[in-house]
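S.K.: Sequence:
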Amino acid sequence: MPLVCLAALAYGCGLAAATLRPALAPLAAAVALLAGVFGWRHLQGTARASSPVAAAMLFAVGIVAALDVRARDRSCAAQAASDAPVRVLVTDSVVSGTSVTGMADLPGGCSVRARVAVREGSAPAGSWVAARGAVTVLRRYGRTSLRIDDAAVAPLPQRDWRAAWRASAARTIERRFGEDAPMVLALVVAAQGEIPRELRDQFADAGLVHALSISGLHVGVVAAALEMLALLARAPTRAAAVAGGLGAGFYVLLLGAPPPATRAVVMLGALLASRLLQRPTSPWAVLAVGVTVPLLADPRAIANIGWQLSAAGMATLVAAGSVRRRWLKPSLRGWRLALASALLASLAATVGTAPIVAWHFGRVSAIGPVANLFATPIV
641 MPLVCLAALA YGCGLAAATL RPALAPLAAA VALLAGVFGW RHLQGTARAS SPVAAAMLFA
701 VGIVAALDVR ARDRSCAAQA ASDAPVRVLV TDSVVSGTSV TGMADLPGGC SVRARVAVRE
761 GSAPAGSWVA ARGAVTVLRR YGRTSLRIDD AAVAPLPQRD WRAAWRASAA RTIERRFGED
821 APMVLALVVA AQGEIPRELR DQFADAGLVH ALSISGLHVG VVAAALEMLA LLARAPTRAA
881 AVAGGLGAGF YVLLLGAPPP ATRAVVMLGA LLASRLLQRP TSPWAVLAVG VTVPLLADPR
941 AIANIGWQLS AAGMATLVAA GSVRRRWLKP SLRGWRLALA SALLASLAAT VGTAPIVAWH
1001 FGRVSAIGPV ANLFATPIV
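The numbering of the sequence shown is the numbering used here, which starts it at 641 and goes up by one.
Rather than coming from a laboratory, the hints here were simulated on the basis of the structure. Don't take every hint at face value.
[Said to hold, decoys possible] Simulated DEER-style distance windows between Cβ atoms:
1) L917 to E760: 57 to 65 Å
2) R874 to A718: 34 to 42 Å
3) A897 to L667: 27 to 35 Å
Model, not experiment: these values are computed from the prediction. Ideal Cβ placement from N, Cα and C applies to all residues, glycine included.
Kindly generate the complete structure, drawing on both the sequences and the hints.
M.R.: Written out as structure tokens, the structure is:
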């Protein structure tokens, strides 16, 4: 295993330990450090003697980072519970009698998700509003969010250009796709709030819930399409590849850099750099960099179901690729190899994400490996 994988795993496990069980975080850190010292003594004199100690320290760093974010969120949320209005960047149009979602900008530099039940007021999607109402602080899996009930909403002069672009795109999608708009909104602008619960449950039953989150497949399609367009415009091969990567990165920024898409575009950038520099690298190392960057940008991403499904699914796909090279490729050819590879990848992704789906949705799909064979090309 590349050392960068060990580092990513240790840091992520530290974040997860402090996020899910904060009370046990000091004990977990102490056990990790003791295990690191024991491993160092066991490997003393070898090239990897320092690896256990480094992993234990990164585990502890992950715990400290998660506890720090948790403490700041609690402090900021306590201030939000006062009578002062809360600044919220709304993702939907504000209309009296409806509920809208957004990101609340709290004193102390915190930004948390918010749901606002609007009693009066209006504002266009993608704008900042001041919401005054009954504030309830919610905490789940280490993440803090707000619910503002019976809110009076007043628009503020500021607007976020990315949110405004997404709102404009959403209006176009709703106008053109009608009843199918919720699915298109999820697959194009990462707006999953409009998907009916019944439809989401059907995707979970079929083992396809990961397809609703913009991740590697979607980012790869965007990058490949832009690269093809650049090649058709007679751009040099290297310039076309760079254009595809930069275009995919800009697309992810427009979406607000959700953790699964960020993971995908970072991996794409690492692979592109390896390709341009002609320096082959381990797929495990590329995966480690991809899954770690969102966690470094925001430790709260460890509790994001999209990031969890993306990281677990990609890890199993990398493992399936190793099995394919060692066992399938030497013995199979042509369509048999293609079919066996697709089945292996689908089975691996389903099995790898099954515990996460079971935890969040309370179910596991037995038909997932077969369903993914048909659904992935359609998506």
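S.K.: None of the hints should be skipped; say for each whether it holds.
M.R.: Outcome of the hint check:
| no. | hint | verdict |
| --- | --- | --- |
| 1 | L917 to E760: 57 to 65 Å | 58 Å, holds |
| 2 | R874 to A718: 34 to 42 Å | 59 Å, violated |
| 3 | A897 to L667: 27 to 35 Å | 34 Å, holds |
Violated hint: 2 only; the structure is consistent with all others.
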